[in-house]
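Asker: Here's the letter readout for the chains.
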Amino acid sequence: MNDRDREKAFEKTLRHTLRQRPPAAITDCPEPDLLAAYFDHSLSAEETAHWELHFSACSRCQEILNAVAAEKLQPAEHVYVAALAAPAAPTPAASADYREAVTPGRQSIPSRPRPIFNWRWLAPAAAVAAAVVFWFALRPVPTTEQARLSSDQIANSPAPPADEAPSELKGIPSTRGSAKSDLAKKADPLVAQNSSGAALSDSAQRSDQHEIRGSLRESPKTSKFARVKPESPAPSSESGPLAARVSSEPTRAEHDQIVLGKTARAQASAGVSLPPGTQPAVAANTNEKQEAASKSSEQAKTVQPTPSPKPLLDLNAKERREKDLDAVVVTPAPSPGTPAEGAFRATQADSPHRNLALRLLPSQQVSAPGSTALWRFGPGGLIERSLDAGQSWGSQASPVTTELLAGSSPAENVCWIVGRAGTILRTTDGEHWEKIPPPAEKDWISVLARSALAVTIASRDSQRYATTDGGRTWSRQ
Amino acid sequence: MGPSMAAKMLEDFLGAHAALIDWLFARSEACRWQLSRDQFAEALHRSVTHRFKDRPPESAELIAYLNSLQVADLALACACAEGSEPAWEHFFRHHREDLYAAARAIIGSAGPDGVHEARARELADSLYAELYGLADSAASRRSLFRYFHGRSKLSTWLRAVLAQRHVDSLRASRRFDPLEEESETADRRGLYGPPREADPDPNRARYLSLLQDSLLKALGSLAPRDLLRLSSYYARDLTLAQIGRILGEHEATVSRHLDRIRRELRRQVKSALRDVHWLSQAQIELCFEYALDDWPHDLSPALSGRLPERAQE
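Each protein sequence line maps, in turn, to chains A and B.
Using my numbering, the first residue of the first sequence is number 1, and each one after it goes up by one.
Using my numbering, the first residue of the second sequence is number 1001, and each one after it goes up by one.
If we strip away everything but chain B, and leave its shape as in the complex, we get (with noise of 0.2 Å):
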């Protein structure tokens, strides 16, 4: 999109939005931080470009999500990117804390004082820097403000943009960690290792084949917060209060909600092997039965590009 389409745009947004713009103007009280009218509508259209990047908003959704988005956090973001002082110092008072704190929990440390208490801090501070804008090629601030787009609370989005970057340099760490990978390495061979050769079912690979098989095409039917819900719990070996938290729900709920997955999922797979795959009922305790031993093959190649169609969207 050429500069000249894209101010295009600007314009027949403001035209069209002129009265919206002017009461979201109001409500963000943009004034406090000596941001114009222009620059704020401008970054509503960022905004509103960056959510409808796919597609052109229809007028109705286009007025609700102007609506629905944190405009006086909007706001300070923009001035803070524009430079402006009284919102660096208002940023500063109310967000300073906030950010610590929050480095604090992702690094992990209650100990003010320990080596974790400097490694908060510095994640912290090192955002600072983003935040005020790096010069560019042209001389220009580019700051990472601009990155905020009002759809949530400006303080969960520094908490987001922490907890990114402290993860993206763990797992950058973690490849270069020669014992975890070797321990990864061993597990894998003591998990699928060669079959045993003394099996003595000679069906027993495909019996857990065909209950894994059963099984992915029941995960595929689960609505998306269900599989997150179990992927959060069984890969990822999240606690119940973890998985509350990033659902917003209580872990009692969360137990509540896992005990109703399995059992439907369990109806479901039982199902399956007896109506798809014509499994007799001592079949199909045979393979909860050879399920309760260790795997004794890696079943991935087997299972791979057989994931159901919603899991795979």
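Just chain A, same shape as in the assembly (with noise of 0.2 Å):
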């Protein structure tokens, strides 16, 4: 006897035994309302479950079922229709679909149906599609050397003299004058600490440069912004794999934000900081920019959420740009050694200009579970908290000065926050923030914590470590 005479036996009996079994009672069977919440599904489990065994050994119920779920053959509009239009030939197809779904009578073995979508495909489709999402999120990310080295590009590109600047520029009172030859002054030794030479080596780092030198190009006048640094990556370009990372990953709509934020910080590095006029969510009328740039400074005191964006590459990105150097404010000079963090350092001491770079720098946000209370953070070891939802935002004195890439926080006033070279910071009442020593010089992209003691961390590299004393000791996992 083979496995299929088996099989077939198997089913006999089966087939034997069901019919065998004593019938429900019809007095037990649900109403109408009942029949129709399970089909709907809006039975809870337990009502579900009690309810298909008593359709399991109920043949009314199984064809009143049948028969409600045969309705779902055919939409209302198109029988109608069809008997309109066509009363004494009714098509084929919708012929087959009745008897089938009304006659009985089908196959005797449980052939297997030929899906459109071969489901035997999924197993490995899905680990071909698990390996491109690994690979993704442990690509090796530039850092910020690579990021600096990028930008040489396009200061080597080919500029406009300082002659071509804007016509708006030459007739402005001396600060403006000022910004315009300091842009010349802040670019250029830029690009001789930069001139290394290496080749670019991350093609997203690289899109985002072209988009920026796209940008310029549009707008000749304001290519000087061009021979600034850009800032480290973005985060959205980081992928962790733990979840703590609240709201990092960009959607397409913010995407075009994110762009326009790295110019902006671009613009910042070299000390230049445009008012809230030029920010992607303020109004697309000039007039009411130039009236936000005459108030920037009060503006800028209530940073608020940024809503939708502006592409970057606008047909009219020209003519704003033009009108948004009427409002340029010059901070003073980045500090030689780190351009940016200097730049953001700068910011730092004027309240209006930091909250500017804040609203244009990436930063992510964290919250204890049922808890109004958030934290923000981001690039130069910004620590922000808001006790509101959000509505206002209040700094916090952050120990470091390097980029905090994800945080997590299990309660109100506790908090932990990871960021490159080793970043580990902790509060544990929600005000002061104290430096975790690191179990190693990486850079923590993920955190994950339970507490104010115990906590794991995840690196670049997908090396986790965890503790459970408050950063005494770690152990690897």
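Derived from the structure by calculation, the hints contain no laboratory data.
Quantities reported herein were computed from a predicted structural model and do not represent experimental measurements.
We treat Cβ as the ideally placed atom computed from N, Cα and C, and that holds for glycine.
Just to be clear, a hint being listed does not mean it is correct.
[What the hints assert, rightly or not] Keeping only pairs whose Cα atoms sit at most 27 Å apart, straight-line, the calculated DSS-like set for lysine-lysine is:
#1 1270(B) x 8(A)
#2 12(A) x 1053(B)
#3 1153(B) x 1217(B)
#4 1217(B) x 12(A)
#5 1217(B) x 8(A)
#6 1008(B) x 1053(B)
[As the list claims (entries may be wrong)] On the chain B side, residues computed to face chain A include the following (Cβ under 10 Å):
#7 1031
#8 1163
#9 1171
#10 1215
#11 1226
#12 1265
[What the hints assert, rightly or not] Covered, in the sense of this in silico footprint (three residues per stretch, anywhere, with C-beta under 8 Å from a C-beta of chain B), are these stretches of chain A:
#13 14 to 22
#14 33 to 39
#15 51 to 60
Since each chain sits alone in its own frame, please combine them into the complex, following the hints.
Answerer: Rendered as structure tokens:
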């Protein structure tokens, strides 16, 4: 007796046994209300199990369910229109459908249907997809140094001479004139500093640069902004394995805003802060932008989330930038060693400019479960806290200036934040941050905290460490 | 439960969940049907009482239940039951064709002008009188809409009502159909007729009985949904597509589940035959071999009352 015969014998036994089961009492049958709820999947799990047990032994209920299910074959309009249009000639397909629905006859062996999508391919397809996702998660992300090098290509691209500065700049008062000359001065040392000539390795970074360059070529009068160093890569290009990295992945709609944020960061690193009117979220009306520029200090005090972004390569970008230059404000020069951080520290000194920078730079937010208190953090060791669900923010003293990449808050006053170069920070009172000795000098990209003492962190190269004593000892996982 | 008790329970319900009722009332847009808040709240209370007739619900459970209701449909049904003209107009405009389409599908005809079409119209139209409400002894209408509690969409409920009526009428007519009865009897005679005298193996019936007994025990361990899949396929002869539509699954999924269940049952049956009934491998093979032939006995008397506990619930 081969296996197929055994299978047939077993099926025969099954059929015989199931048909001999005593039927359920009709008095126990559910009302139409429950049948409909079962059909709409709105019964609780307990009720569903109870009634499925009844259905399995009740031929009446199965007939009713089958009749209710048959309706789904033909939408009302289809039948109605078919009835009006061709009363004597129903479509063969429809007839077949109906026959299938209401005729109890069927094949005797549970032959496998031929689905449109062969599920056997699901496993290898899922494996390939997982491999691609894994590669994306672990692929090397360009470091700050690489990002600096990448600016060389932009810096080496032919820039218009200083004489070709926007005509609006020529006539403006001395501060704006100094802005123009400062731009040229600041750009050159940066170019000289980063002229190692290393090739670009990261395509994403290259595309960002391309976008920036493209936008600047749209507006040659502002091309000096291209001679500045872009910040380290945006956190959105990094994907961590833990879920603690909240709101870091940009949606497609946020992408343009991030690109614009990178441009703004580049401007900020050159010591130039743009007024709020240049942000993507402000009204498109240039008059409004100018008004906003005149009120920049008042507006910058209250940082609000930026809503819908505008595309970077806007056709009106040139005209808009020309208008925006009227409101250029010059901040102190960045420190020569680390231009980006220097620029950020310079903005930190000036609250409106700092707030403006925060609005332009990407930052991440975390909150404790069930709490309205939020933390946000980002480049330059920035840490801010909001106690009113993000309506207003207060800055907090940060012991580091490295970029902070991920955070996790298990309780209202407890938060862990990790970042580049082995940065691990913790607060247990919601106010004061302490630096926790890391298990290794790595870029920590994910953190999952369970309490003030227990936390798990993950590095870019997928190494995980956990501590249960607040960071005194770490165990690799 | 006396009327005063019911009134007190309704009062308690209104007092305890006033804010939620207000919110649901607003969400249902019951004002469109000139339905008052009290009428709507009463319908909600009726639904809650019907759902939790066995036990009083906990507060969180009650709130979750109320939030899960199809309140817009409940308000429409409630307004129709109250005789609101705008509600009836809306019902005719939006549900009449659905009702006819459901009746057509249930009757089982794609032809628009055949007998089936007429029967479908008749089935759907027969519902209207009851939906509007038949006058009872107290000269007040008792609409069928009062039995809609908002746990499903109104259109699904209407289909279920139609299907139930149609199936009941079919089953009633089957009882008086002599041909079917006779053929069934003939089938039974053929299938479960007297045991063959020339059975070569006197243990044949015993092996089959053991096999069926083991299978019943294994069936008792199945999840209700798996049991429903199996009985729909093997006992009711529904197609994979039909089972899939009932369970909300693709037919390929149903087929996969059936494969899985069969494998699991076979494993359990073999294990029971070997470990419980102490059959050797050769004897187990014999069990399956005999099962492949016609079943000589009607084993139902031996099996009645021996269903596993779970299946008898």
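Asker: Take the hints in turn and mark each one as holding or not.
Answerer: Hint check results:
no.	hint	verdict
1	1270(B) x 8(A)	holds, 15 Å
2	12(A) x 1053(B)	violated, 42 Å
3	1153(B) x 1217(B)	violated, 38 Å
4	1217(B) x 12(A)	holds, 17 Å
5	1217(B) x 8(A)	holds, 20 Å
6	1008(B) x 1053(B)	holds, 16 Å
7	1031	violated, 25 Å
8	1163	holds, 4 Å
9	1171	holds, 7 Å
10	1215	holds, 5 Å
11	1226	holds, 9 Å
12	1265	holds, 7 Å
13	14 to 22	holds (count 9)
14	33 to 39	holds (count 6)
15	51 to 60	holds (count 7)
Checked against the numbered hints given earlier, this structure breaks hints 2, 3, 7; the rest are met.
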